Amino acid sequence: MTTDALDDHRPSRPVTSRGFARKFVVHAVMVLLSLVSIFPVYWMIVTSLRPDNEIFSTVLWPSHPTLENYIFVLTRVPMLQMLFNTTVVSVATAFLQVVTGMFAAYALVRWRMRFSSVVHGLIALSWLVPFQVTMIPNYVLASRLGLLDTLTGLVVPNASHAFAILLLYHAMRAFPIEVLEAARMDGARSFRILWQIVTPNMGAPIASLSIIAFISAWNEYFWPLLLSRKPENSVVQIGLQMFMTQEGNLWGPLMAAAALASLPILILYLILQRHVIESFMKSGIR
Amino acid sequence: MTDIQAEVAGPAAAKTASTRSDISRERFSISPLLYLAPAVVLLMVWTYIPLAEAFRLSFYQWNILPTSPQRFVGLTNYQRLLALPEMRNALWNTLYYTIGLFPMSVIIPLFVAIWTQDLGGRARTIYRAMIFVPMIIAPVVAAILWRWLLNEDQGLITLTLEGLGLGRIGFLTDPAYALPTLTWITGWKLIGFSTLLFSAANAGINPSYIEAARIDGASRWRIICDIRLPLLSPTILLLSMMTVLFGAQWSFAYINVLTNGGPLKSTTNIFYLLWEYGFQTLSAGWSSAAGMIAFAGFAVLAALCMWLTKRFAFYDN
Numbered sequence: 217m218t219t220d221a222l223d224d225h226r227p228s229r230p231v232t233s234r235g236f237a238r239k240f241v242v243h244a245v246m247v248l249l250s251l252v253s254i255f256p257v258y259w260m261i262v263t264s265l266r267p268d269n270e271i272f273s274t275v276l277w278p279s280h281p282t283l284e285n286y287i288f289v290l291t292r293v294p295m296l297q298m299l300f301n302t303t304v305v306s307v308a309t310a311f312l313q314v315v316t317g318m319f320a321a322y323a324l325v326r327w328r329m330r331f332s333s334v335v336h337g338l339i340a341l342s343w344l345v346p347f348q349v350t351m352i353p354n355y356v357l358a359s360r361l362g363l364l365d366t367l368t369g370l371v372v373p374n375a376s377h378a379f380a381i382l383l384l385y386h387a388m389r390a391f392p393i394e395v396l397e398a399a400r401m402d403g404a405r406s407f408r409i410l411w412q413i414v415t416p417n418m419g420a421p422i423a424s425l426s427i428i429a430f431i432s433a434w435n436e437y438f439w440p441l442l443l444s445r446k447p448e449n450s451v452v453q454i455g456l457q458m459f460m461t462q463e464g465n466l467w468g469p470l471m472a473a474a475a476l477a478s479l480p481i482l483i484l485y486l487i488l489q490r491h492v493i494e495s496f497m498k499s500g501i502r
Numbered sequence: 035m036t037d038i039q040a041e042v043a044g045p046a047a048a049k050t051a052s053t054r055s056d057i058s059r060e061r062f063s064i065s066p067l068l069y070l071a072p073a074v075v076l077l078m079v080w081t082y083i084p085l086a087e088a089f090r091l092s093f094y095q096w097n098i099l100p101t102s103p104q105r106f107v108g109l110t111n112y113q114r115l116l117a118l119p120e121m122r123n124a125l126w127n128t129l130y131y132t133i134g135l136f137p138m139s140v141i142i143p144l145f146v147a148i149w150t151q152d153l154g155g156r157a158r159t160i161y162r163a164m165i166f167v168p169m170i171i172a173p174v175v176a177a178i179l180w181r182w183l184l185n186e187d188q189g190l191i192t193l194t195l196e197g198l199g200l201g202r203i204g205f206l207t208d209p210a211y212a213l214p215t216l217t218w219i220t221g222w223k224l225i226g227f228s229t230l231l232f233s234a235a236n237a238g239i240n241p242s243y244i245e246a247a248r249i250d251g252a253s254r255w256r257i258i259c260d261i262r263l264p265l266l267s268p269t270i271l272l273l274s275m276m277t278v279l280f281g282a283q284w285s286f287a288y289i290n291v292l293t294n295g296g297p298l299k300s301t302t303n304i305f306y307l308l309w310e311y312g313f314q315t316l317s318a319g320w321s322s323a324a325g326m327i328a329f330a331g332f333a334v335l336a337a338l339c340m341w342l343t344k345r346f347a348f349y350d351n
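Listed in order, the protein sequences are those of chains A and B.
Residues 217 to 502, numbered by our numbering, are exactly what the first sequence covers, in order.
Residues 35 to 351, numbered by our numbering, are exactly what the second sequence covers, in order.
Simulated from the structure, these hints should not be mistaken for laboratory data.
Quantities reported herein were computed from a predicted structural model and do not represent experimental measurements.
Check the hints yourself; a few may be wrong.
[Unchecked claim] Not the full set, but computed from the structure, chain B residues with beta-carbon under 7 Å of chain A:
| hint | residue |
| --- | --- |
| 1 | Leu76 |
| 2 | Ala163 |
| 3 | Thr192 |
| 4 | Gln283 |
| 5 | Ala318 |
[Said to hold, decoys possible] Coverage of chain B stretches by chain A, computed from C-beta distances (three or more under 8 Å per stretch; other residues unrestricted):
| hint | region |
| --- | --- |
| 6 | 78-85 |
| 7 | 141-153 |
| 8 | 164-173 |
| 9 | 218-226 |
| 10 | 284-294 |
| 11 | 331-339 |
Heads up, the beta-carbon is just placed ideally off N, CA and C, and yes, glycines get one too.
Between the sequences and the hints, there should be enough to build the whole structure, so can you do that?
Written out as structure tokens, the structure reads:
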């Protein structure tokens, strides 16, 4: 389902006064809903720009916008280091999910064997296992492998996800099998078929998956919470959590930190808005 | 790693594979296993083996420290847990979160989508972009935003309520309000997503059905009940299923950041209880046993949801 399908081109009926009233109510509801969605984010940015003595003001725009809260956060907390860490973790997670997902999806699409349905089932079912149920063994394993407080430890358990495999599997199944057969007749090795024929045609699903995997990895909270010890070895969500517990009610700096943690995602969203929405919708939620 | 490969590639599997491959006539080769290995090994190591390990640990008493011994206690963990009022309270709250999410994850979005279907292109694009923003905001950020808005001394909402003469409400500190507040924050993130999913499904309905009904003189309401809702049923079921299976999990971050399960345990749910047992009181056995109870419960619910979807989803083809 593309977003174009949302724009149904039905001829509009003649505008009556009743139709007009209806339309007004509909717009009112949508404006209200949009405000509820966007206002907290707006309020975060406004608060972060207020000087200290205006922090509790209820005016919708700061009279003297200042960056002092941002400077406070950037000097008091290893914020830049954590933003860098989060970028590394998110890019690596998204990349690995695409790679492991492509391999697994290709195996399931190209070779139909009796055990593929078992493997398929195992992959799908793993989605249902809540992380909190497996957290203790995972924590023990990570600590045995020396992964505590490392970025590798944050990436590896998420390097493959049922969602990624299934998304790519469904996309790849739509790929004409004749093309694969023809390539095989020509003697192409399976790896070359995957790399040179399948992958270039999977641009859209790979892009969708990368966006979703990047955003989810950026917003991931639970596993870093378990693994992290020092803020400078951790991701920005944990930095926020630590900042909040340590600095208590320094609302200005706290909002600046929250804004810094969301900024990359918000910018990504502004640029790719349509694609972000579409990829989330096409593929459900995580 | 080698264990798993050997298991999957056991002689029986190899034999059936070579005789039964229905796409190609290639002889059985090791390649599909090599392609599957990275994903399957990761899922085994980080999901299934830990799941089995958690099952085993649920019969032991252990404090997670590598040096301390694990003591086998049989079913004691389960017996203690089920007798504990804390557990009952957490299960009850889990149910509250799940049911409380429905208005925001299914009902309101469904009506909004049906209602707004004939909005013009530009306006719709802007609304759509805005109501989707909470979906991409990190849970920790969402928690902080709402903590600031609802802050009991100077939060904007508190000040507004006071200005309206309604007095102060301890949204996060009063046991009567904390659970609804956390449910609202969890739902706030979902409204936009559900609305868009419903809008897409709604716009995908073949317009000729609606035209035909309209020519037959069906009212707007009849069209919604008899045509739109049945054709939207797969989406309704999908979103309901996601709410039931994942709703309580989504609220974890807010509980942990905002209330730590309090005040007076009023916001603790089953997933938060697992966390508390595991990493605050360091009782791996209790945490694992509670985890197994939760997992079994959600597995039954998942099976039930699948069955309902098969039975009641109406597809247009």
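So, going through the hints one by one against the coordinates:
| no. | hint | verdict |
| --- | --- | --- |
| 1 | Leu76 | 4 Å, holds |
| 2 | Ala163 | 5 Å, holds |
| 3 | Thr192 | 10 Å, violated |
| 4 | Gln283 | 6 Å, holds |
| 5 | Ala318 | 5 Å, holds |
| 6 | 78-85 | holds (count 7) |
| 7 | 141-153 | holds (count 6) |
| 8 | 164-173 | holds (count 10) |
| 9 | 218-226 | holds (count 3) |
| 10 | 284-294 | holds (count 4) |
| 11 | 331-339 | holds (count 3) |
The structure is inconsistent with hint 3 alone, although it conforms to all the rest.
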